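Dock chain B with the ligand against chain G, hints included.
So you can see what is in the structure, the chains are spelled out below.
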Amino acid sequence: MKKAIDSIMPSSSAGMSRIDGRLKVTGAAKYSAEYTPAGLTYGVLVGSTITKGSITSIDTKAAGQAPGVLAVITHLNAPKVPGDQPEGGKPVPPKGAFKVFYDDKIYYNGQPIALVIADTFERALFGASLVKAQYHTDKHITNLPDNRSNGFPPRGEGTYKRGTEDAWKAAPFKVEQEYIVPTVTHNPMELHAIIANWDADNKLSVWDKTQGVKGTQEDLAHLFKLPVENVQVHSQFVGGAFGSALRTWPHEVAAIIGAKVVKKPVKLVLSRADMFTSVGYRPFTWQKIAIGATADGKLTGITHEAAGQTSSYENFTEGPTGVSQNLYACPNVNTKYHLVALDIATPTWMRGPGEATGSFALESALDELSYSLKLDPVELRLRNYAEKDPESGKPFSSKFLNEAYQLGADHIGWSERKQEPASVKKDGWLVGYGMAGGMFGAYRSGATIRAKMNTDGSLLLQSAVSDIGPGTGTAMVLIASEQMGIPAEKIRFEMGDSSLPNAPTQGGSATTASVGSAVYQACADLKEKFQKLIGNGGTDKPDYAKVLKEHNLPSLEVVTETGGGNGMEKYAMNSWSVHFVKVLVNPATGVVKIDKVACVADSGHIISPKTARSQVVGGAIGGIGMALMEESIIDHRYGRYINNNFADYHVPVNADIPQIDALFVNKPDPIINPMGAKGMAEIALIGMAAAVANAVYNASGKRVRDLPITPDKVMA
Amino acid sequence: MKQFQYVRPATQQGVLDVINKPGTKIIAGGTNLVDLMKRGVTAPDKLVDINQLPLKTIAATKTGLHIGALALNSVVSENAVVADKHPLLAMALKAGASPQLRNMATVGGNMMQRTRCGYFYDVTMPCNKRAPGTGCGAIEGINRMHAIFGASPQCIAVHPSDMCVALAALDATVIVAGKKGERRLPFTEFHRLPGDHPELDNHLAKDELITGVEIPDNNFAKNSYYLKIRDRQSYAFALVSVAAALDIENGTIKDARLAMGGVAHKPWRLFDAEKSLIGKKATEENFEHAAQLAMRGAKGYGNNSFKLKLAPATIAEALKHAAGLV
Ligand SMILES: Cc1cc2nc3c(=O)[nH]c(=O)nc-3n(C[C@H](O)[C@H](O)[C@H](O)COP(=O)(O)OP(=O)(O)OC[C@H]3O[C@@H](n4cnc5c(N)ncnc54)[C@H](O)[C@@H]3O)c2cc1C
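Taken in sequence, the protein lines are chains G and B. Counting from 0, one number per residue, gives the positions in the first sequence under numbering that gives the first Met the number 0. Counting from 0, one number per residue, gives the positions in the second sequence under numbering that gives the first Met the number 0.
Derived by calculation from the structure, the hints in this document are not laboratory data. Keep in mind that this is a model prediction, so the values were computed, not measured. Certain hints may be false.
What the hints assert, rightly or not - Straight line, CA to CA, 30 Å or less: simulated DSBU-like cross-link-like pairs of lysine-lysine: (1) G/Lys425 x B/Lys221; (2) B/Lys221 x B/Lys280; (3) B/Lys280 x G/Lys424; (4) G/Lys131 x G/Lys262; (5) G/Lys424 x B/Lys221; (6) B/Lys61 x G/Lys592; (7) G/Lys60 x B/Lys1; (8) B/Lys37 x G/Lys104; (9) G/Lys592 x G/Lys531; (10) G/Lys592 x B/Lys298; (11) B/Lys308 x G/Lys417; (12) B/Lys37 x G/Lys29; (13) G/Lys712 x B/Lys298; (14) B/Lys37 x G/Lys263; (15) G/Lys60 x B/Lys45.
So that you can see chain G by itself, here it is in the shape it has in the complex (with noise of 0.2 Å):
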């Protein structure tokens, strides 16, 4: 049954605490690598070492014969997989990525030749080390701006027009300026890990670590040709995917082609270099801004040209470009996206795709701009305000961004900012403030819950839905608890598993939204079938117990369908963002310390406050370390990477952190859904990179346009 929604949910219980919480720091919530499977074996993948090319030959003697290996597995005795063979003598396109141990094609550095299960990890490891390839090595490139030039648009995305092309051109003030996004990696704490059994010739069990359960299952089931209900997938707690698990990966088809092998369960732990290679990344971008103002500073035209790598084998796109469309109010906006395609595992989503890297170039052009106009930065963007979506003439949902930059602008004391670069000095540090904004499109999609009322009044709610980590079983049980009037402690969510109810893959922000209109249909249509049993003049929220009792009934149980994307023919749908940072930079060493940072959001009514800020954190953290020190350096020699290890890797440590305030607008968006709640997770980090690298100009007189910006670029 679908149902369509309209009601606004009132502000619901604040500050609950994440309910898996003393799960996870206990160490008692389980993660995908922790099932121990009777039987279970261990296998270790054997990287390619050179770039591009093919095998000859695959030395697996020495190592089919270490102790304790069971299996070496390679393109030449691989089984096998249904779903990637020619169909009436045409090729099939991959699912994963790209056909592991199809052929002897090589594509990149660390590409997976072989897989060598043994009795236990550690020789495995050994039993890796010793097989041994020779290839054919043809030529390859693997660096974006020396090979800029052979880039080619992707279908459907290449170039956008509104007004006249390059008015920037005409302006009395302008800027261009060219910006660069390295490549940055995946690298959450969990590493992608599978163990993969076949419960039967035709029945396979994963305990996978993906962001989408049901996504899986049918890639899955897709490639081993089975019926969809013959695959189960496993996916109870994720340790931190940022879109790394949004998709099937070769290691995981790898595992899989392994048990059926070894004819026993197989756990594969991607290495933290295989992370490198192995589940995408944030893809190195080029990029040209040039915006054109008056000296009232109103934007006259923005040009905006991208060139994002993908691998040879897939177009990976993200749209860097879009923001500049969407963001201020400009009548003219010509935009250009292309893609080179190198010779490197292919790119994938990651926190604020697209976005994260198109709002770094175009909030770093606009400060540049506010430099030039001596405006303020913030007037500068209020002076250029969307009220309505400058690309489709809808109206927004609900946009309160000027609220947001108040909020922030007061929260970090951007009063004490002095427009001239490099006039603040305190203890021997500069000291200087900078802001940008982000954007995100509020999405919603379809889900199913299944909600149970049980005679001890506790309230079981069942999805198959994910949790990455942003506290989804938090908010779905706060907004159930709302609704039926029973504390959280009685409710109890289910999810990550494929046996549950359909849930959308837990990615683009749009998990509340989707999977929170169902759990709120869901208990409303429980409500109703209690009323049903009461009859007219019950309460709306009775002792549910008491009924069932009554009744005699052991429980009472629906299944909601909601749908998705209500309201998107008629409004334009987005959440936003504002970053506030205040740095320290030291003059003789170029060293930058972030003092102080005020995130703003607005993004509807927040259901979870204490997860929402947390979720605000993260993305403000993951945005330093974009902006201050990610970045996967390849040796183009080799094309192979040089730093794909946490010593010389650098995220953020807690002394590069110093207290973030997140700030909330919180109001709802009245038609989204009934909880008026919008996205949160990529807002968090979209507009941070360009927030730091603002107030390092501001406090030093150094603009740096490529990230990241380590002390030598800063230094005097």
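For chain B with the ligand alone, coordinates are given in the frame of chain G:
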């Protein structure tokens, strides 16, 4: 990981009896060695765990302070005598690694830790230090972290330690036990430059064991500073670090010690710069002059050329901190 034997001798003699056999390696805290084994950079047949040996003491001697080779980095950094007499050492230790690592890492292991050069760590890459004769990947490659002093065409790796920079500045002595008895060598002569043999990091013989270090008494406690510049505020190796120790009387520098980390194959003592400071006033100008002197002979290799500017800036900053000017 290759299978290996593991022994834990109870006595120093027991250790000395086994360590000179080929394929044998000492293990102390294991924080460096085990990583290298996992990456296949080293693959010993036998590990000799020395943690049974009584080499943990930190004690004053007639002439200085003796620190056992097995004293933990965390313990040394928090020791009251160290804090009182050699705060420079405590500061350097605390600037290194993370608390968890410092709780395992030993003084001897810290001295013997290998370079963090990415080409050294990746067994598919050329590296003369790991596999002599294969070439240097870094010299024309990614060398942001690499040496600007004393490098050779064979190798531009740096010694990554912070502790060693302080010990080099403080004129420490290394005490070594071997089959023939004890040997003492100045800390500044313990590590070596790469030359034509980058596979050798130092002058410790294969059959020798570090038993401790000794720091002579000095007058630097009041005016010492360790300044480490890195890509994040904690838990990162130095781009450049400086250990600065001054003996100042009435605004005049009586004696000075300076050493740098992150710039050479060994902790890099700045003898000329030290000399230039003696008898001078503790002023920003004099510090900047000393910093310039220290840069003689420096050479950048591309990615790391920024160090030619960062190093003198860091020296001057460290001296200012040591002198209490900031
Ligand atoms: C992620 C990471 C970050 C780090 N960051 C820093 C940093 O910022 N600054 C810094 O200074 N260090 C840093 N370190 C390195 C750390 O200080 C060293 O790993 C540690 O000091 C090594 O000591 P250990 O006792 O664990 O040595 P082990 O790993 O046990 O041994 C290292 C080597 O020393 C030899 N050895 C050990 N003891 C003796 C002895 N008594 N006589 C002769 N040979 C001996 C061993 O044979 C081996 O070759 C970092 C390490 C890691 C993993």
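Hint check:
no.: 1; hint: G/Lys425 x B/Lys221; result: holds, 25 Å
no.: 2; hint: B/Lys221 x B/Lys280; result: holds, 16 Å
no.: 3; hint: B/Lys280 x G/Lys424; result: holds, 26 Å
no.: 4; hint: G/Lys131 x G/Lys262; result: holds, 25 Å
no.: 5; hint: G/Lys424 x B/Lys221; result: holds, 27 Å
no.: 6; hint: B/Lys61 x G/Lys592; result: violated, 44 Å
no.: 7; hint: G/Lys60 x B/Lys1; result: holds, 16 Å
no.: 8; hint: B/Lys37 x G/Lys104; result: holds, 28 Å
no.: 9; hint: G/Lys592 x G/Lys531; result: violated, 62 Å
no.: 10; hint: G/Lys592 x B/Lys298; result: holds, 29 Å
no.: 11; hint: B/Lys308 x G/Lys417; result: holds, 29 Å
no.: 12; hint: B/Lys37 x G/Lys29; result: holds, 26 Å
no.: 13; hint: G/Lys712 x B/Lys298; result: holds, 19 Å
no.: 14; hint: B/Lys37 x G/Lys263; result: holds, 26 Å
no.: 15; hint: G/Lys60 x B/Lys45; result: holds, 25 Å
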